[in-house]
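Visitor: Here are the chains, one letter per residue:
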Amino acid sequence: MIEAKDLTRRYGDFTAVRDVSFTVADGEILGILGPNGAGKTTTIRMITGFLPPSAGQVMVNGHNLVDDPDRAKRELGYLPENVALYNEMRVHEYLAFRGRLQGMKRSAVGEAMDEVLRRCLLSEVSGQIIGTLSKGFRQRVGLAASILHGPRVLVLDEPTVGLDPKQIIAIRELIRELGQDRTLLLSTHILPEVEQLCDRVLIIDRGRLVADGTPSELRQQASGQSRLRLEIKQAPGNVLEVLSQLPGVVEAQRPGDGDLVQLTCRSDEDLREVAFRTAVEQGWVLLELSEKKASLEDVFVRLTGRHQTEENAIDGDEGGDEDGALDGDEGGALNGDESSRGESDDTPGEEVR
Amino acid sequence: MSGMLAIFERELRAYFFSAMAWVVLAFLLLINGYVFAIILSFLNDPMSPGSATPMRLFFGDTFFFWLVLIFIVPVLTMRLLSEERKSGTIESLMTAPVSEVQVVVGKYLAALAFYTFLWLPTLVYVLLVAQHSSVDWGPIASGYLGIFGIGSVFIAVGLFGSSFTKNQIVAAVVTFAMLMFFFAIYFIDSLVTTQVIKDILSYMNLLQHMEELGKGIVDSRRLVYYLSTSVLFLFLSSRVLAAKKWS
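Sequence lines, in order, name chains A and B.
The letter at position 162 of the first sequence is residue 162 when you use this note's numbering, and the numbering goes up by one with no holes.
The letter at position 205 of the second sequence is residue 558 when you use this note's numbering, and the numbering goes up by one with no holes.
If we strip away everything but chain B, and leave its shape as in the complex, we get:
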């Protein structure tokens, strides 16, 4: 347990010490700030439908949200295991009395913590809105829950992508491709006519999830989906890590 905690702490520190992480933060804030400004001016327009709240539109109702997510997660996760392999530090790591699962979970939690940190500044938007109008806190909480849930799935996928290779670029590209698939389910869904497949796809349809969560609808099936998918990819990562000993 102490080993896993040590890995978590080291990894989180490494994020704060890397230039990449701060570039990602700046990029995220720039895009989010721009999107938020557009949403506000849209809602201030007398011609707009007017039923939506700014934060509801902010959570996943713009494609920017997804673009940002699909781009930043591979950047955050690509180095997690690849860098250890490339530099050779993995040798000290794997000869310490820690299991593959502990290594994977420690790193995962660190990435997830940093991801959460990246979204914290957006709380300023909420405060801004709260100052000028009454705010329904429920949907905002559930919206952030959605960001966290989807992030937890994406980061697990990214860790898995990083477990294959010592090349960070390859890790990022593989992760990007897998995330694109998760994202594309939304479009595939509308192309499929078979009801069973449609049901399965709609269960996995993250865009729809965010739409619901942004409105304040918390469906426990969504949470089970995030948790189980994350666990699956973490498990796969630890298996890859163990299997790599044989190659």
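If we strip away everything but chain A, and leave its shape as in the complex, we get:
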């Protein structure tokens, strides 16, 4: 169980994470999703005790990370981003080192080692020098090291970054297996990963928590609408008129005047049957009829994309003049087209003001 309350982290004047609160329940797999630079790693580093928060607190299985760091850290297994290992060590030596760093006795390390090696499919390379291992193996060594001391809470920062597709599948499988008997927090910027692995998702953007819910909750939240896609052989001109009359249809579109028609519908109704009957009545030949549910990607783009345009609007007031001035000068000299002339017109105005 992880409880994060009002976590804030500032680097000088820059606030990387602002007032992020969440709980990861026992046995839950929680995904932290966000674009690069959103504050995922900073959040995770605060949860694992690598970075102290500027404000707020973290409890790991009831132990406060600041007041009782040793107890709290012992409950945690952590796989940092870009898994850093000691390249001169052999796999089993490294694991033993990490185990003893966690306060395990040599005998306890020995007992846990075989099980962990087997679980992470490392038995064959246990005697190999880490520097000679491939990225996929390194990732697994990192994972093995983080679970060796039997933590009940596991934190993984971008566990599949830089792996090839086959390795990604293997690591995901391992994560799913590990998540069965543990509390697991994982950060990623890969959407399918979240859909496949996580019970619940947090979306972080620009250091703020912008969404919290199960993947299906978020999908619903994103759109009260679903989309229907029809392909009609030699669609006649009145196709849009007819379809937009159907109850429940919000909008009918025909991108590119082809045979494809897109219907935007209220999501509480399944219009596929109605659409089919209409096509039959009208004598249309229906080549395709499919429903497209809102994906997590839509949610993500909506939440983080909207954020971005707001931010740009604010930036535009301050930073815009500079850009305008630069573009204007260059554009004016080179080709003096409408847009750049417009911008250079702006510039003197700004300067006067």
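Derived by calculation from the structure, the hints in this document are not laboratory data.
Model, not experiment: these values are computed from the prediction.
Treat the hints with care, since some could be wrong.
To be verified - Below, computed lysine to any residue pairings styled on SDA-like, alpha-carbon distance capped at 25 Å:
{"hint": "1", "chain 1": "B", "residue 1": "K439", "chain 2": "A", "residue 2": "P52"}
{"hint": "2", "chain 1": "B", "residue 1": "K598", "chain 2": "A", "residue 2": "N64"}
{"hint": "3", "chain 1": "B", "residue 1": "K519", "chain 2": "A", "residue 2": "P52"}
{"hint": "4", "chain 1": "B", "residue 1": "K597", "chain 2": "A", "residue 2": "T8"}
{"hint": "5", "chain 1": "A", "residue 1": "K135", "chain 2": "A", "residue 2": "K105"}
{"hint": "6", "chain 1": "B", "residue 1": "K568", "chain 2": "B", "residue 2": "A537"}
{"hint": "7", "chain 1": "A", "residue 1": "K5", "chain 2": "B", "residue 2": "K597"}
{"hint": "8", "chain 1": "B", "residue 1": "K519", "chain 2": "A", "residue 2": "N87"}
{"hint": "9", "chain 1": "B", "residue 1": "K519", "chain 2": "A", "residue 2": "F50"}
{"hint": "10", "chain 1": "A", "residue 1": "K292", "chain 2": "A", "residue 2": "R208"}
{"hint": "11", "chain 1": "B", "residue 1": "K519", "chain 2": "A", "residue 2": "F14"}
{"hint": "12", "chain 1": "B", "residue 1": "K597", "chain 2": "A", "residue 2": "M59"}
{"hint": "13", "chain 1": "B", "residue 1": "K597", "chain 2": "A", "residue 2": "P52"}
{"hint": "14", "chain 1": "B", "residue 1": "K439", "chain 2": "A", "residue 2": "L174"}
{"hint": "15", "chain 1": "B", "residue 1": "K439", "chain 2": "A", "residue 2": "F14"}
{"hint": "16", "chain 1": "A", "residue 1": "K105", "chain 2": "B", "residue 2": "S355"}
{"hint": "17", "chain 1": "B", "residue 1": "K439", "chain 2": "A", "residue 2": "M89"}
Please arrange chain B on chain A, whose structure you already have, making use of the hints.
Guide: Chain B in isolation, oriented as in the chain A frame:
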């Protein structure tokens, strides 16, 4: 405690697995062997004053001794914390239930152990001398005590130098500069006329320490100085390590 021991062991192993350490050992033996040969031929010269013993001259009475010390310590210590920072392994280290002090002390003891290992082959010189003349073991023991004591201070300084930066070269240069200061106290001492400052400087004058210890004079103030200076720099290193979390 188990965490600190694990760090100590890993660090010591890392020394033996790095090419740099063996280059340092070879360099040290080459210089020391050469110095020892010169000392012997000097003492065999009928014109030499003849009051000194070979080992006494060996311990700190030549500038080679100091040059070697000031060069090898930064090389030994530069990677201690810088490398962890650079490679990112520091993240696993600091998220384990070990304190900054445990990390610093574990690494320090490993460096000191390796430093001690580097000097072990010079015991051959002692044996050589013992075979051909009678040896007074007291001054030899105190001489080695001096090498160990001064090494313990220098390595603490080097660890401190390594705590600032992820760049090993910067760590080495900073350490080198600080060690030069310790070394230069000998010269500053002779330039100062104010008695109080002179007293303080002579307390810190490592060259003088080695001269005494080479003769077999063990002054407990020297040992207190080595211990307290080492502890000070270790403490500073652990504070830097803790403070770096905020930057």
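Visitor: Is K519 of chain B within 25 Å of N87 of chain A, Cα to Cα?
Guide: Status holds; Cα separation ~17 Å.
Visitor: Would you check the hint for K519 of chain B and P52 of chain A, treating anything up to 25 Å between C-alpha atoms as holding?
Guide: 20 Å, holds
Visitor: Within a Cα-Cα threshold of 25 Å, do K519 of chain B and F14 of chain A meet the stated pairing?
Guide: Holds. K519 of chain B to F14 of chain A sits at ~23 Å (cutoff 25 Å).
Visitor: Given the hinted pair K597 of chain B and T8 of chain A, is their Cα-Cα distance within 25 Å?
Guide: 18 Å, holds
Visitor: Is K519 of chain B within 25 Å of F50 of chain A, Cα to Cα?
Guide: Roughly 17 Å separates the two Cα atoms, so the pair holds.
Visitor: Does L174 of chain A sit within 25 Å of K439 of chain B, going by the straight-line distance between their CA atoms?
Guide: Violated, at roughly 29 Å.
Visitor: Starting from K568 of chain B, check that the Cα of A537 of chain B is at most 25 Å away, please.
Guide: It holds: about 22 Å lies between the C-alpha atoms, which stays within 25 Å.
Visitor: Quick one, are K292 of chain A and R208 of chain A close enough, alpha carbons at most 25 Å?
Guide: Measuring from Cα to Cα gives roughly 30 Å; hence the hint is violated.
Visitor: For the pair we were handed, K5 of chain A and K597 of chain B, check the Cα-Cα distance against 25 Å.
Guide: 23 Å, holds
Visitor: Below or equal to 25 Å on CA atoms is what counts here, so check K439 of chain B against M89 of chain A.
Guide: 17 Å, holds
Visitor: Does K105 of chain A pair with S355 of chain B here, judged by a C-alpha cut-off of 25 Å?
Guide: The given pair, whose Cα atoms are some 8 Å apart, holds under the 25 Å limit.
Visitor: Does P52 of chain A lie within 25 Å of K439 of chain B when you go C-alpha to C-alpha?
Guide: 20 Å, holds
The structure fails hints 5, 10 and 14 (numbered hints given earlier, in ascending order).
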